[in-house]
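Peer 1: One line per chain: the protein sequences are D and X, in this order. For the first sequence, counting from 1, position 12 maps to 12 in the working numbering; every step adds exactly one. For the second sequence, counting from 1, position 22 maps to 22 in the working numbering; every step adds exactly one.
It is possible that part of the hints are untrue.
[To be verified] Straight-line alpha carbon distances no greater than 30 angstroms define the calculated DSSO-like cross-link-like pairs of lysine-lysine that follow:
(1) X:57 - X:83
(2) X:83 - D:68
(3) X:78 - D:107
(4) D:41 - D:107
(5) X:42 - D:17
(6) D:41 - D:56
(7) D:56 - D:68
(8) X:42 - X:78
(9) X:83 - D:56
(10) X:83 - D:41
(11) D:17 - X:57
(12) D:56 - D:3
(13) X:42 - D:56
(14) D:56 - D:107
(15) D:3 - D:107
(16) D:107 - X:57
(17) X:83 - X:42
(18) D:3 - X:42
(19) D:107 - D:17
(20) D:68 - D:107
(21) X:78 - D:68
(22) X:57 - D:68
(23) D:17 - D:56
(24) X:57 - X:42
(25) X:42 - D:68
(26) D:3 - D:41
(27) D:68 - D:3
(28) X:83 - D:17
(29) D:17 - X:78
(30) D:17 - D:41
(31) X:83 - D:107
(32) D:41 - X:42
(33) X:78 - X:57
To be clear, the hints were calculated from the coordinates, so they are not data collected in a lab.
So you can see what is in the structure, the chains are spelled out below.
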Amino acid sequence: ELKVEQNPLFLSMQEGKNYTIYCNYSTTSDRLYWYRQDPGKSLESLFVLLSNGAVKQEGRLMASLDTKARLSTLHITAAVHDLSATYFCAVDIGSSRGGADGLTFGKGTHLIIQP
Amino acid sequence: EPEVTQTPSHQVTQMGQEVILRCVPISNHLYFYWYRQILGQKVEFLVSFYNNEISEKSEIFDDQFSVERPDGSNFTLKIRSTKLEDSAMYFCASRPGPTRGTFGSGTRLTVV
C-alpha cells in the first residue's frame, strides 16, 4: 500500500521567513504533485514533478523531487500572508503499477503566515 | 481556462437515501476521477474511470458506490444508501493523460 507522509502538518511562520515542507512516499513513483487548498475550496494544482531531480519554481514556491530518496520538498521563500493555505503532496498510484490512476495524498500541511 | 464543473455545490440528504453527484469533466480529457475529503482531513481517492469503465478503485469504493458516464459529457457518482460517515466534500477531477489533473469545485454532501 502506497503511503504518503508530509511534515510538518501544521506550520505557523512570519512573513519574510523561509521554510520547507517535506513529503515522503513509500513505493516507487516518478510522478509527484503539489496542490494548494484554501478553506472550503477546491484543490489548485501547483506543480507536477515527473522525474528524478526535477525542480520547478513559481513565484515564492519551489518544488523538487528525489525519486531515489522518495522525497519531495516544497520550499517557501520570503513568505507572504497570501500563501496561507493547506498544501498537499500527492503521488500517482498508477506510476507504481504502470498505469495512470488515482492519486494518494498526504495529510496536508496547514500553513499560516502571520504579518 | 477550461473547468471541471460539479453540481450541486451542496447536498443535504437523509440517511439511507440515494444521492447522485454530477460532474462535467473537461471535454478533451480521457481520465476521470472521484475523490472525497472528510472535513479537515486528507483527500482520499475513490475511483478512476477510463475508456468507459472503472480503471481503479479504492477500498472506500464499496458496493454502495457506482459511477457512470451516461451521455459522453457527464460523469456521475451514485451512493445508493447514504450513511452518516459519507458526509464529506466530493471532488471530481479529470486529466488528458498521466499528467496534471484539474479538480472541480466539489460537492459538499451532508447526511443527516
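Peer 1: Each hint: holds or not?
Peer 2: Now the hints, each set against the structure:
Our distance criterion of 30 angstroms between C-alpha atoms is met by residue 57 of chain X and residue 83 of chain X, whose separation comes to about 19 angstroms. Pair hint residue 83 of chain X plus residue 68 of chain D does not hold up; C-alpha atoms about 42 angstroms apart against a cutoff of 30 angstroms. For the hint pairing residue 78 of chain X with residue 107 of chain D, the CA-to-CA distance comes to about 26 angstroms; that is within 30 angstroms, so the pair holds. The suggested pairing of residue 41 of chain D with residue 107 of chain D holds, with an alpha-carbon distance near 16 angstroms, which does not exceed 30 angstroms.
The straight-line distance between the Cα atoms of residue 42 of chain X and residue 17 of chain D is roughly 26 angstroms, inside the 30 angstroms bound, and the hint therefore holds. Between residue 41 of chain D and residue 56 of chain D the CA atoms are separated by roughly 24 angstroms; this keeps the pair inside 30 angstroms, and the hint holds. For the given pair, residue 56 of chain D sits about 18 angstroms from residue 68 of chain D by alpha-carbon distance, which is consistent with the 30 angstroms threshold. Distance check on the hinted pair: residue 42 of chain X and residue 78 of chain X sit about 21 angstroms apart at the alpha-carbon level, within 30 angstroms; holds.
Annotation: proposed proximity of residue 83 of chain X to residue 56 of chain D is violated, straight-line Cα distance about 42 angstroms (limit 30 angstroms). With a C-alpha separation of about 24 angstroms, the suggested pair residue 83 of chain X and residue 41 of chain D falls inside the 30 angstroms cut-off, and the hint holds. A C-alpha spacing of about 41 angstroms is found between residue 17 of chain D and residue 57 of chain X, which places the hinted pair above 30 angstroms, so the restraint is violated. Restraint check for residue 56 of chain D and residue 3 of chain D: the C-alpha separation of about 23 angstroms stays at or below 30 angstroms, so the hint holds.
In summary, the hint linking residue 42 of chain X to residue 56 of chain D is supported, as the alpha carbons are separated by about 24 angstroms, within the 30 angstroms threshold. Restraint check for residue 56 of chain D and residue 107 of chain D: satisfied, since their Cα atoms lie roughly 22 angstroms apart, inside the 30 angstroms limit. The suggested pairing of residue 3 of chain D with residue 107 of chain D holds, with an alpha-carbon distance near 10 angstroms, which does not exceed 30 angstroms. In summary, the hint linking residue 107 of chain D to residue 57 of chain X is supported, as the alpha carbons are separated by about 20 angstroms, within the 30 angstroms threshold.
For the proposed pair residue 83 of chain X and residue 42 of chain X, the alpha carbon gap of about 20 angstroms is at most 30 angstroms, so the pair holds. At roughly 12 angstroms between alpha-carbon atoms, residue 3 of chain D and residue 42 of chain X fall within 30 angstroms of each other, so this suggested pair holds. Proposed proximity of residue 107 of chain D and residue 17 of chain D is supported: the alpha carbons are some 23 angstroms apart, at most 30 angstroms. Proposed proximity of residue 68 of chain D and residue 107 of chain D is supported: the alpha carbons are some 22 angstroms apart, at most 30 angstroms.
At roughly 40 angstroms between alpha-carbon atoms, residue 78 of chain X and residue 68 of chain D are farther apart than 30 angstroms, so this suggested pair is violated. For a cut-off of 30 angstroms, the pair hint linking residue 57 of chain X to residue 68 of chain D stands: about 27 angstroms separates their Cα positions. The suggested pairing of residue 17 of chain D with residue 56 of chain D holds, with an alpha-carbon distance near 20 angstroms, which does not exceed 30 angstroms. Note on residue 57 of chain X and residue 42 of chain X: the hinted pairing holds, with a Cα-Cα distance of about 17 angstroms set against a maximum of 30 angstroms.
Between residue 42 of chain X and residue 68 of chain D the alpha-carbon distance is near 25 angstroms, which keeps this suggested pair within the 30 angstroms criterion. With a C-alpha separation of about 25 angstroms, the suggested pair residue 3 of chain D and residue 41 of chain D falls inside the 30 angstroms cut-off, and the hint holds. For the suggested pair residue 68 of chain D and residue 3 of chain D, the alpha carbons sit about 16 angstroms apart, so the restraint of at most 30 angstroms is met. A distance of roughly 45 angstroms separates the Cα atoms of residue 83 of chain X and residue 17 of chain D; the hinted pair therefore is violated under the 30 angstroms criterion.
Between residue 17 of chain D and residue 78 of chain X, the direct Cα distance comes to roughly 46 angstroms. Violation of the 30 angstroms bound is thereby established for this hinted pair. A hinted pair counts as satisfied when its Cα atoms are at most 30 angstroms apart, and residue 17 of chain D with residue 41 of chain D qualifies at roughly 26 angstroms. Restraint check for residue 83 of chain X and residue 107 of chain D: the C-alpha separation of about 24 angstroms stays at or below 30 angstroms, so the hint holds. Among the hinted pairs, residue 41 of chain D with residue 42 of chain X is consistent with the structure: their alpha-carbon atoms are about 13 angstroms apart, no more than 30 angstroms.
Proposed proximity of residue 78 of chain X and residue 57 of chain X is supported: the alpha carbons are some 14 angstroms apart, at most 30 angstroms.
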